[in-house]
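Q: What follows is the residue order along each chain.
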Amino acid sequence: MHELATHERDIVPQLVDQVRRFMAREVDGAAIDRRGVIPESVRSGAASLGLFGMSIPEEHGGAGLSLRAVCDVISEMARADRSVAIMVGLHAGLGTRGPVELGTKAVRDAYLPRLASGEWIASFAATEAGAGSDLASLRTRGEVVGDTLRLTGEKAYVTNGGFASSFTVLARTPGFGGARGHSLVFVPRETPGVEIGAEEDKLGIRGSSTVTVSFDGATVPLDHVLGTPGRGMEHAYHLLTWGRTLMSAGCVGTGRAALDAALAHVTTRRQFGKPIGDFAATRLHIARMAARLYAMESVVRGVADVHASGGSLEAVSAIAKVFASEGAFKLVDRALQLQGALGFLEGPGVARLLRDCRITRIFEGANDVLLLRVGLARLAAHDVPRGHILGVVPAPLRSAASEVDGLAERLGEVVADVRARHGVTAVRHQLVLQRLAVAEISLYAATNSVLGASSEEQFALASHATDLLIEEATTSLDALSRADADERRALAMSEVLYAPYRDGRDAPGLSP
Amino acid sequence: MFDSLTRHRTIALLAEIAEIEAQTLRGSERLREDLGLDSIGSLELLATIASELKLDLEVEDAMEIHTVEDACVFIDRQYRAQHPELYACNA
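Residue numbers (our numbering), protein chains in the order written: chain A, 1 to 512; chain B, 1 to 91.
Some clues are possibly wrong.
Which residues of chain A face chain B? A partial, calculated answer using Cβ under 8 Å [claimed, not checked]:
| # | residue |
| --- | --- |
| 1 | 379 |
| 2 | 428 |
| 3 | 431 |
Far from chain A, some chain B residues (derived; all Cβ distances over 10 Å) [stated by the list, open to error]:
| # | residue |
| --- | --- |
| 4 | 4 |
| 5 | 7 |
| 6 | 9 |
| 7 | 22 |
| 8 | 32 |
| 9 | 43 |
| 10 | 54 |
| 11 | 70 |
| 12 | 80 |
| 13 | 81 |
| 14 | 84 |
| 15 | 85 |
Simulated from the structure, these hints should not be mistaken for lab results.
Where is the CB? At the ideal position from N, CA and C, for every residue including glycine.
Sequences are here, hints too, so could you generate the full structure?
A: Next comes the structure, spelled out in structure tokens:
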């Protein structure tokens, strides 16, 4: 479990090592953050390493690496700089999976070699200003005109958009799949009618490009529709599973950077005559950071395993995205806390990590919404096998495995109770769903942590991670039992607080 | 009669939740891909119908509904099973 495929075992560690050296030599994360741009030398360096072709098949000039291998590379890049990792990760996932998996022969032959070499960088344009998590309310339209598709509309928050040469665009296409059909369309930037807006001024990942892209009658041949015309929404959800997985891998890299920074600080910073890392409270924080990081990596590798075995990534990539993005933020926040006031300054770099990773809890599915989906998926799943791992682990992990099995059993009972009490109206009990989802995610992470451990060091990390995750799941399930009361209380309070805003009066403030 | 009642209400509510006109809905349209109702939207639809028609509906059953016609047939079947007295009176 969690191993690279046989044919990648030699290549990928070498590539990851090359990436580590490239990032250390060529990438100045602080300068990228300060200037808000990734230097051309970094893009061309990444291209010469073949990073833009990692996930593109060999027949089109790429390396055809597995999702697991690409995750390893993106994680290593993010460890050094998140803007650069996002540029490559977005290209490898959302940007090129459409043409790779769904493109016509004409599209693949014409464009994939350029995308594989890095001559072209890819982007993905689905979100609109009025439609964030609600992809169905999109307004961009594609009208069939003869044997072409004419696009009109505007996309927002387009990552890589400022320097991308191609866009995978999600548009309503009434000409396909009924009046409400959507389609994914491959649109080269050079197409007349494609206009790129100004760069957004962002809190973090400031070197990453984020723009609006408008389509004013931009017309492409019909063979640029990706996949089945009219099934674009379904295709987009599929591509998002790659996007979420690679983003999760980036979060592992950010988490590792946070642990690197914390270790460097606590082993050198002295207080009361000794390094602060010698104090028990600090050791505990460091141990918990390492355990959480191990669990994050285990989850991402678990998703890659599911992909390698041909399974659907829809549920597990959402789990990974929430767990890894929340985990990265916790790790960075803890690293900053351990550095004290120094961490609040931009110089040491942890402040930038904090700003850079904040967006990962929002984009590619806001975590609050993904928690609802994970909770619903768990409720809907028939007799999902969970737990039962005690019999398959080595002796050092039996205690952890027993805890995981116990959590699985309790979660199963809670799920049965929620089903019986609420039926389909569970969808209206958002606190119930979210708290259920937290426990489900913790269970998934603990299971992957235990089953993926194969060395003494990993046994210790897996055991510690399990303790941490069981604690979080238990807290969440305990809170679930009072969710209805919490909802009622929140409803009453929010009604009072919202009233002046709805009426257009001045806010009264919160003082008693 | 009750078949048309449940079908009418299902379609009316579906149109309301998906923000489209009821008369343009076709039975073969898919809730997710065509109407943009993801798992949350589909369950919201069924929760509304369950409240209106006083039905107990299971989450896992809801996950088997893919099209407008699936939803109409499912609701009708549940309504007949859970309110047999209404059908007995009108038989």
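Q: So, for every hint listed, does it hold in this structure?
A: Structure-based check of all given hints:
The beta carbon of residue 379 of chain A comes within 5 Å of a beta carbon in chain B, closer than 8 Å, and the hint placing it at the interface holds. With a cut of 8 Å, the hint placing residue 428 of chain A at the interface with chain B holds, because the nearest CB-to-CB distance is about 6 Å. For residue 431 of chain A, the shortest C-beta to C-beta distance to chain B is roughly 15 Å, which exceeds 8 Å, and the interface hint is violated. Annotated as non-interface, residue 4 of chain B keeps its C-beta farther than 10 Å from every C-beta of chain A; the closest such distance is 23 Å.
Distance check for residue 7 of chain B against chain A: the nearest CB is about 18 Å away, which clears 10 Å, and the non-interface claim stands. No Cβ of chain A approaches the Cβ of residue 9 of chain B within 10 Å, the least distance being about 15 Å, so the stated non-interface status holds. No beta-carbon of chain A comes within 10 Å of the beta-carbon of residue 22 of chain B; the shortest separation is about 13 Å. At the 10 Å boundary, the C-beta of residue 32 of chain B falls inside the reach of chain A, the nearest C-beta of that chain being 7 Å off.
Under the 10 Å C-beta cut-off, the non-interface status given to residue 43 of chain B relative to chain A is violated; the minimum distance is some 4 Å. Even its closest Cβ contact with chain A, about 12 Å, leaves residue 54 of chain B beyond 10 Å, as expected for a residue assigned away from the interface. The claim that residue 70 of chain B is not at the interface with chain A holds, since no C-beta of that chain comes within 10 Å of its own (minimum 14 Å). With a minimum CB-CB distance of about 18 Å to chain A, residue 80 of chain B clears the 10 Å threshold, and the non-interface call stands.
Listed as a non-interface residue, residue 81 of chain B keeps its Cβ farther than 10 Å from every Cβ of chain A; the least gap is roughly 14 Å. Interface exclusion of residue 84 of chain B from chain A stands, the closest Cβ pair being 19 Å apart, more than 10 Å. Its beta-carbon lying about 21 Å from the closest one in chain A, residue 85 of chain B satisfies the requirement of being farther than 10 Å from that chain.
The earlier numbered hints that this structure contradicts are 3, 8, 9.
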